[in-house]
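J.: Fit chains B and R to the known structure of chain V by using the hints.
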Amino acid sequence: MSFFRASNLCLSFGGIRAVQDVSFEVEKGEVFSIIGPNGAGKTTVFNLISRFYDLDSGSLHLGETDLGKLQAHDVANVGIARTFQNTELFEHETVLQNLLIGCHVNRRSGLFSELLHLPGARKQELEFRQTVEDVIDLVDLQAYRYQSIGSLSYGVRKMVEIARALCVKPRLLLLDEPASGLNPEETDDLSFWIEDISQDLGITVLMVEHDMSLVSRVSNRVLAMSEGKLITIGNPGEVQRHPEVLEAYLGQSEDAA
Amino acid sequence: MTSEILQLLISGISQGCLYGLVALGFVLIYKATEMVNFAQGELMMLGAFVAYTFLDILQWPFYWAVLATIFVMAVFGVVIERVFMRRMIGEPPFAALMLTIGLGFLLRAVAGAIWGSDPRSITTPYGGGIFSIGDAVLGYENIAIVIGTAILCLLLYLFLRYTRVGIAMQAASQNQLAAYYVGIPVKRVFSLVWAISAMIAAVAGILIAPVSLVDPQLGFIGVKAFAAAIVGGFGSLPGAIIGGLIVGVAEQFAGLYLPPGFADTSAYVILLLVLIARPEGLFSTMQKKKV
Amino acid sequence: MRFIFKTQYEQDISLLKHRGQLFWYGLLLAVLIAAPLFLDRFYLGEISFVFIYAIAGLGLMLLTGFTGQVSLGHAAFLAIGAYAHAYMLSKGLAFVVALPTAMILTGIVGAIVAIPALRLVGIYLAIATLAFLIIVEQIIIRWVSVTGGGRGMLVPPVEIFGLAVATPGRFFYLCLALLIVALIFVMNLLRAPSGRAMIAVRDSEIAARSMGINLAKTKATSFGISAALTGLAGALMAHHTGYISPEAFTLTISIQLLLLIVVGGLGSIHGAILGAIFVGFLPQGIALLRDTLPPAIGEVPGLEPGVFGLILILFLLFEPHGIYGQWLKVRQFFSEFPLYRRATNKRQKTYLRTERVR
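Protein chains in written order, with the numbering used here: chain V, 642 to 898; chain B, 32 to 322; chain R, 3 to 360.
Hints are not guaranteed to be accurate.
The calculated label-pair distances, taken between Cβ atoms and stated as ranges, are [unchecked claim]: (1) B:Ile178 - V:Glu732: 47 to 57 Å; (2) B:Arg309 - R:Gly152: 50 to 60 Å; (3) R:Leu312 - B:Ile182: 45 to 55 Å; (4) R:Arg144 - B:Leu208: 44 to 54 Å.
With a cut-off of at most 27 Å between alpha-carbon atoms, the simulated DSSO-like pairs for lysine-lysine come out as follows [unchecked claim]: (5) R:Lys331 - R:Lys19; (6) V:Lys710 - V:Lys810; (7) R:Lys331 - R:Lys8; (8) V:Lys710 - R:Lys219; (9) V:Lys870 - V:Lys669; (10) V:Lys764 - R:Lys348; (11) B:Lys218 - R:Lys348; (12) V:Lys810 - V:Lys764; (13) V:Lys669 - V:Lys810; (14) R:Lys19 - R:Lys8; (15) R:Lys8 - V:Lys764; (16) R:Lys331 - R:Lys348; (17) V:Lys870 - V:Lys710; (18) V:Lys764 - V:Lys710; (19) R:Lys331 - V:Lys764; (20) V:Lys810 - R:Lys219.
FYI, nobody ran anything at the bench for these hints, they're computed from the structure.
We treat Cβ as the ideally placed atom computed from N, Cα and C, and that holds for glycine.
Just chain V, same shape as in the assembly (with noise of 0.2 Å):
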């Protein structure tokens, strides 16, 4: 059985086919990109992953998990944890704070014990921490901790985005184009980073990316779309020479006749 399986999606918003019959499946510990151009609907199958659409057919599944009878909040807690493409950051908070949010769906004590401050939410906060901070050591935001959201630059906003998906200790993580607007010193050090997260921590990466050589460099395996459909799906080099994901992305040649 696949890691994770993606069977049949189709979905429309009104007259417009936004995913059409898309199938494909990701095998554990690897690192699985989606590309297309613009409107192809990469970010909508992640958002159908993480329940915030309704499925018109097909269906999900993570291992025996069927995402279909999910609700919204409850993705996370079969381990599937995601980023958005422009940033949906706690604005008010700290780098701190929106990481220990990203704890949540870790938490064992009831509203009862952290009224009262028990032991055990005690301990759990600590380990919270605990958690938070091997996080921060990864991603090198140790200088931004108490800063508050606002003040920081895109760049380290992304990161923080990342972090604290990684905070939810996810079996699988969504990336939903990590490299956009990034320069290539940060999207270099962003490789780094998904290439630890894949092979450190062992969590299999599924990510919608426009960035060609960011994508060539950690995919395992590559996913074309376009207008809603699966154009092909194979190793980064193969993909990138199909002559149909040429078409989509470059138009078609005047002189092909």
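T.: Just chains B and R now, with coordinates in the frame of chain V:
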């Protein structure tokens, strides 16, 4: 029996138009500036008092006084926008709401200081006359309210649909920075919107004065009009009028068929029922955020 | 300039950040405990009222300041708490039973109110809570057998296990103790996942959901606890005035509570306390002002709400972070002296982006 129903319907429509006018002012400001003006009722109250000043204190002829009132209130609307609301642009909506709540209190106190808290009434050329349809009685004031509302709505519709300002208003409300970039003088648009809303409030004040007494507490009708605006869906201008009519008519029927006290709360019960069924009002304009 | 060198994670979670805080708050507590010895009953009553308002303010701050749900109808929870408590006392239940029961009852009502409120946002929620308040008012007026209707209810003085807590001094201690307990509960909540979930809901519902936070449960919890705290304040208020009637729980009171949290400083616990002090003593201040102003202004019947409105406007225009925000700036000034720059806290030019896309 039917004449009873007819009477209720007539009173309800008349009252509903008043709610609708105040609600229209709310929705206009909200559509254009994304701010909620909780002081709209107080603007209406001020309009009524200003009309009183022109008509009864200065003894101007009716139509001149009406024009003068509308003009004065338009200027006042611009002043409020310039002095208070402009600084609230970009702040969370809650802040603007609280600001206008404070403004409402302030205006009430100021009105009490200037005109005193004794109830007044204004003299209108159509006051006192009645018109009957069968057993139902319709005061000229009520007819004036309905006609006034209809004319105002028509003018507003034409203005928003066929002038560039109307489109500019919508642009400025959806994305201010982008509006600036395409050359829309956003601040001037906002001032204009407040002026128009104040003018609508002035008309509402003039229309309501003959049917209800004018005192600083008149603004409280704004709370019910607010409920009416929400029922209609807060971003829709026709929705505001329709919401007002629904509330106005329902109130009259509740007053007759239900125990006393229920009439007052019927507006709010309707509100809650509508919101449970459709959380964004009947004709809402909300869209889902794309992430 | 104080530099806090942290060596343990415990220091980040503890309620008091450093020795200095312990000293000053300890001093404050000592002064308050000694207060009945040197203040006369009028001032004790006033400060008790401030304590009660602070508890209600904490409740509203939790809901509006921390969870982002605007409530124009919080006076309804004051009313439910007050009437439930008074009714149980009139049926012979002991204070120590009636009070927690009234709190829990109000909390449950709050959680129930949260259910339809889940789908409402912003202004819709505010008006729905307003509608709730008005309907509760009507119920109070009509349910004469329980509430005494428009005539109101007399409230017997507090008696705990036979000990009369009716004197201003003892009632003062009761209110102070309950305020401290409420503060500790709320602070505990905010340094735990429950409280952080509420903050997450305020800042980004989408991100909160993807982090595994159940919006419905969080909002219901916030409404429930907020209502329970406000209900507690209502019950204490009933004892403070000795008599409750529907006029004590109007929209104006709801707005006063909102004024409290905005002027105090939205989104902070200090804000609730500072706001309560401000709103509690404001009527006194206005009364004093009345005497010094010319009669044309001083005699106006709507003066008190008018001054409230003016102060609210001034704060929102010039100091949106409230008294606490101003206090933080002052503290920053002194700690960074002489290097403080006003531009540090300058408000950024912001542009309007529509909220109608959610």
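J.: Compare the structure with each hint and give your call.
T.: Hints, verified against the model:
1. A beta carbon spacing of about 50 Å between B:Ile178 and V:Glu732 agrees with the range 47 to 57 Å that was offered as a hint.
2. A beta carbon spacing of about 35 Å between B:Arg309 and R:Gly152 contradicts the range 50 to 60 Å that was offered as a hint.
3. For the pair R:Leu312 and B:Ile182, the supplied restraint of 45 to 55 Å is violated, since their beta-carbon distance comes to about 37 Å.
4. The beta-carbon spacing between R:Arg144 and B:Leu208, approximately 52 Å, falls within the hinted interval of 44 to 54 Å.
5. At roughly 18 Å between alpha-carbon atoms, R:Lys331 and R:Lys19 fall within 27 Å of each other, so this suggested pair holds.
6. For the hint linking V:Lys710 to V:Lys810, the alpha-carbon distance of about 22 Å falls within 27 Å, and the restraint holds.
7. Using a Cα cut-off of 27 Å, the hinted pair R:Lys331 and R:Lys8 holds, with the two alpha carbons roughly 24 Å apart.
8. Taken as a hint, the V:Lys710 and R:Lys219 pair is honoured in the structure, with Cα atoms around 19 Å apart against an allowance of 27 Å.
9. Proximity of V:Lys870 to V:Lys669 is assessed by CA-CA distance (about 24 Å); at most 27 Å being required, the pair is judged to hold.
10. For a cut-off of 27 Å, the pair hint linking V:Lys764 to R:Lys348 is broken: about 40 Å separates their Cα positions.
11. Distance hint between B:Lys218 and R:Lys348 is fulfilled; the C-alpha atoms sit about 21 Å from each other, no more than 27 Å.
12. Only pairs whose Cα atoms come within 27 Å are accepted, and V:Lys810 paired with V:Lys764 is accepted, the gap being roughly 18 Å.
13. In summary, the hint linking V:Lys669 to V:Lys810 is supported, as the alpha carbons are separated by about 15 Å, within the 27 Å threshold.
14. Distance restraint check for R:Lys19 and R:Lys8: the Cα-Cα separation of roughly 10 Å lies within the 27 Å cut-off, and the hinted pair is therefore satisfied.
15. A hinted pair counts as satisfied when its Cα atoms are at most 27 Å apart, and R:Lys8 with V:Lys764 qualifies at roughly 18 Å.
16. Restraint check for R:Lys331 and R:Lys348: satisfied, since their Cα atoms lie roughly 11 Å apart, inside the 27 Å limit.
17. With a C-alpha separation of about 24 Å, the suggested pairing of V:Lys870 with V:Lys710 holds against the 27 Å cut-off.
18. Taken as a hint, the V:Lys764 and V:Lys710 pair is broken in the structure, with Cα atoms around 33 Å apart against an allowance of 27 Å.
19. Taken as a hint, the R:Lys331 and V:Lys764 pair is broken in the structure, with Cα atoms around 34 Å apart against an allowance of 27 Å.
20. Proximity of V:Lys810 to R:Lys219 is assessed by CA-CA distance (about 23 Å); at most 27 Å being required, the pair is judged to hold.
Consistency with the previously given hints fails for numbers 2, 3, 10, 18 and 19, ordered from lowest to highest.
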